[in-house]
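Student: Sequence lines, in order, name chains A and B. With this note's numbering applied, the first sequence covers 28 to 290. With this note's numbering applied, the second sequence covers 625 to 730.
Just so you know, the hints here were simulated from the structure itself, not pulled from any lab data. C-beta atoms are modelled at their ideal positions from N, C-alpha and C, and glycine is treated no differently. There is no bait here: all hints are sound.
Not everything, but these chain A residues come out facing chain B in the computed CB check (under 8 Å):
1. PHE79
2. ALA80
3. PRO82
4. SER84
5. LEU85
6. SER88
7. ARG89
8. GLN239
9. HIS240
To give an idea of the interface, some chain B residues facing chain A are shown, with a C-beta separation under 7 Å as derived from the structure:
10. LEU627
11. GLN631
12. ARG645
13. GLN649
14. ALA693
15. ASN694
16. TYR696
Over the 12 Å line for every Cβ pair with chain A, so calculated as not near, a few chain B residues:
17. GLU640
18. GLY655
19. ARG658
20. GLY662
21. PRO666
22. VAL667
23. ALA674
24. GLY678
25. GLU681
26. PHE683
27. GLU686
28. TYR700
29. VAL702
30. SER706
31. GLU720
32. SER724
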Amino acid sequence: MTHDVMRHVAAAACCCAAALACASDLPARPQPPRNGSEFQSAEVRALQADDFANPMSLWISRGEALWKEPRGAAGKSCESCHGEAANAMKGVTARYPRWDPALKRVVNVEERIQACSEGAQGAGRFGDPSDELVGLSAYIALQSRGLPMSVSIDGPARGAFERGRSLYFTRIGQMNLACTHCHDANWGRRLYAETVSQGHPTGWPAYRNEWQHPGTLERRLRACFFGVRAELPAYGDPDMIALELYLAWRAQGLSMEAPGVRR
Amino acid sequence: MMLGRVQVPQSVKRGEAFEVRVIVQHPMETGFRRDLQGQAIPVNIVDKLACTYGGREVFRAELGTGIAANPYIAFYVVARESGPIEIAWSDDRGQEGRASALVDVA
Numbered sequence: 028m029t030h031d032v033m034r035h036v037a038a039a040a041c042c043c044a045a046a047l048a049c050a051s052d053l054p055a056r057p058q059p060p061r062n063g064s065e066f067q068s069a070e071v072r073a074l075q076a077d078d079f080a081n082p083m084s085l086w087i088s089r090g091e092a093l094w095k096e097p098r099g100a101a102g103k104s105c106e107s108c109h110g111e112a113a114n115a116m117k118g119v120t121a122r123y124p125r126w127d128p129a130l131k132r133v134v135n136v137e138e139r140i141q142a143c144s145e146g147a148q149g150a151g152r153f154g155d156p157s158d159e160l161v162g163l164s165a166y167i168a169l170q171s172r173g174l175p176m177s178v179s180i181d182g183p184a185r186g187a188f189e190r191g192r193s194l195y196f197t198r199i200g201q202m203n204l205a206c207t208h209c210h211d212a213n214w215g216r217r218l219y220a221e222t223v224s225q226g227h228p229t230g231w232p233a234y235r236n237e238w239q240h241p242g243t244l245e246r247r248l249r250a251c252f253f254g255v256r257a258e259l260p261a262y263g264d265p266d267m268i269a270l271e272l273y274l275a276w277r278a279q280g281l282s283m284e285a286p287g288v289r290r
Numbered sequence: 625m626m627l628g629r630v631q632v633p634q635s636v637k638r639g640e641a642f643e644v645r646v647i648v649q650h651p652m653e654t655g656f657r658r659d660l661q662g663q664a665i666p667v668n669i670v671d672k673l674a675c676t677y678g679g680r681e682v683f684r685a686e687l688g689t690g691i692a693a694n695p696y697i698a699f700y701v702v703a704r705e706s707g708p709i710e711i712a713w714s715d716d717r718g719q720e721g722r723a724s725a726l727v728d729v730a
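Chain A with its partners taken away, still in its complex shape (with noise of 0.2 Å):
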């Protein structure tokens, strides 16, 4: 008895290395890859596409504002360490989530931000959510508009891309979908009044009509949590940053829409 059940074990950790070792046992990846705009009315396109009447420019406004604001013990503006954004922050937003060496774990822009009011700013935390925070986010991420998604999974993140990649392949809820049931299997089907997508993040933070408010992916994400009607994560939780990071290795090549704006 004792003697089978080694047997398992072994059998399952050979498994395991062979996961880790090879890239090609990678989940398939929907084909063709596309946008998450693509899945939109050609109204919300259109205000997208619209620099002026997206209403993600208000928050840009306020991001680029504080951008440059000096703030906290230090009285030190993001400026001041990095620099002029459209340089220092090109192609950040396309990179995360990433490992951060100094925090030694896997953080999303907005976890980085955070840390770096909280630290280099000595100004305390952003509120999460709030207009500061996803204003700053969203304009990091504009300076990667057109850029291509291109996540590390090499390395120490490699622990939070497996978490992530359980995550979606894992069912919740009371109607006991995982992510991939629909944004695998049945993207580009109707779900109601909406096309389901493939679930790539290129479009966030974005502007989303039904909050009639902008938001973060981890926002979107909760509200996919409560479509399933299962127990939503706090904010900040690292299993939300996993799956993040596993939904943008799975957008990788993909060109960056953030600012977006969602039905």
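For this one, chain A is given, so just place chain B on it according to the hints.
Tutor: Coordinates of chain B only, in the frame set by chain A:
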């Protein structure tokens, strides 16, 4: 002071109509919604917006609860002289906001 933006073309020809675009950051709370505790959320909307061109009023709007959050308004004005387009708006709590842009008439 509320955040808002106004956009006009860089230059316009005398006598031609040009588009003025305005966007205002505001929740436009209808007063019909309730929060998670079941308490009514009080009404809070931008109810007045006016535009002057060279000091003369050329456009005025009264907004109601049917207007979405962060209202976007666009209208046409005939170009007479170079001068400022000034937008002023206020909500039902007396909060005010302003935005302006210069029109260059060629």
